[in-house]
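In order, the protein sequences belong to chains A and B. Under full-length UniProt numbering, the first residue of the first sequence is numbered 1, with each subsequent residue one higher. Under full-length UniProt numbering, the first residue of the second sequence is numbered 1, with each subsequent residue one higher.
Hints should not be assumed to be uniformly reliable.
Unchecked claim - Stretch by stretch, here's where chain A covers chain B in the computed footprint (C-beta under 8 angstroms, at least three residues):
hint, region
1, 11-20
2, 29-42
3, 46-53
4, 59-70
For the record, the hints were derived by calculation from the structure and aren't laboratory data. The C-beta atom is built at its ideal place from N, Cα and C for all residues, glycine as well.
Here is how the chains run, residue by residue.
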Amino acid sequence: MSGDGEQARRLRSVPSGAAGRPDADELLHRVARGDEAAFAALYDAVAGRVLGLARRVVRDPALAEEVTQEVLVEVWRTAGRFEPRRGSASAWILTMTHRRAVDRVRAEQAHTDRMQRAAARDSHVSYDEVQEEVAARLEREQVRRCLGRLTPVQREAVTLAYYGGHTYREVAEHLATPLPTVKTRMRDGLIRMRDCLGVSLEAGA
Amino acid sequence: MSGDVHTLSGAYALGAVDDVERAAFERHLAECEPCRVEVAELRETATRLADDTDLPVPSPGLRERTLAQVARTPQLRNPPTTGSVKPERRRWRGWAAAAAAVVVAASGASAVTWSVSSDRLGQEQAAGEQARQVSEVLAAADARVYNQPLRAGGAATVVVSRERDQGVVLLRDLPQPEAGRTYQLWLLRDAVPRSVGLLNTGATGTTMVIGPVSAAATFGVSSEPSGGSPAPTRIVGTVELG
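Working from the sequences, and respecting the hints, build out all of it.
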């Protein structure tokens, strides 16, 4: 079953977007045992995505850096509580990032203000290295392609919630749509995304 | 899974619930195995939305501050747990994330037609000639992506636009070449190889624009003496383009 082991290793993690780095799951496992070098490597593997997501949600570069630092310190602090069977390390870290970023915007900003800004997006892309950019671009294009397959109302609900940091109640209010409808749009939208992206979690031996 | 609570799974995975609802939903999850699987998948899916953000380069100061804070921050011990905490082996079926990064929605060697909206790409500024060519190949209406692990280790992704007669190759995590050897890239048609590139000495990965691809049916990587060979002598992996 050596081929199977290789397959599992290869398929397991959310892509880190960088060549030659150990995957985030493996690094997080070492971080949980207090390995600071592994933390530094984990930082290098995920900081760009954490910062990118934080910026997209909080819309303020300085605040996004603060969120990034807080989240990564929290990753260090709570690494031992990460449960691999509940998802990948990257998903764990990015979920934490999203939560923290959303807490910041919910605390600081008025709704309408955010609704407007969530609609716009940065167009500037800084190229680090072509190689990383290509990989990241392919991932982005796939996400966009799959987002494009949602119905317009599903897409609206999903993006207002995720990028805008709104609760489904706020989204329902903003769209003047009943709560159950909005909940359903979010769930159906994510299910359609899941199937388009081919995400599947199989727990088993 | 009771209907009403369950419909919250999407909002929960998107982080679009308040603290009270989150706590209630997590209590529900603790009792509902099918819900946990669904939520885990939806959460992974929501996480992928983070891929559609620009990737800023974090400032060196941020790295220093974070590492310094970590050095003086004690870690939480594991909470007492009930039952087994043995990490289960998990498989991501159909999530073809090569060790490197590239995700193509299919299993194994695969091809997907990418429909890339040109206006989006137009918003993004490519720096440098190679980046521009890469963008053009990826943006081509007929661009197809082939993604495959290599026999010797590592993975190759080849994006081919027959219309543009060009391709983009991404190689990642190849084994370190032996001393005096380097990797060479080939396109094969009717078993006739044509060299399309040579990696730098010691390199274990690259991104390269190749062409003309014309009717090439196979992309190959071989290990050759430094300077390359007229024909491949030791193939380490191939990707079928068709």
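Report the numbers of all earlier hints that the structure fails to satisfy, in ascending order.
-> Structure breaks no hint.
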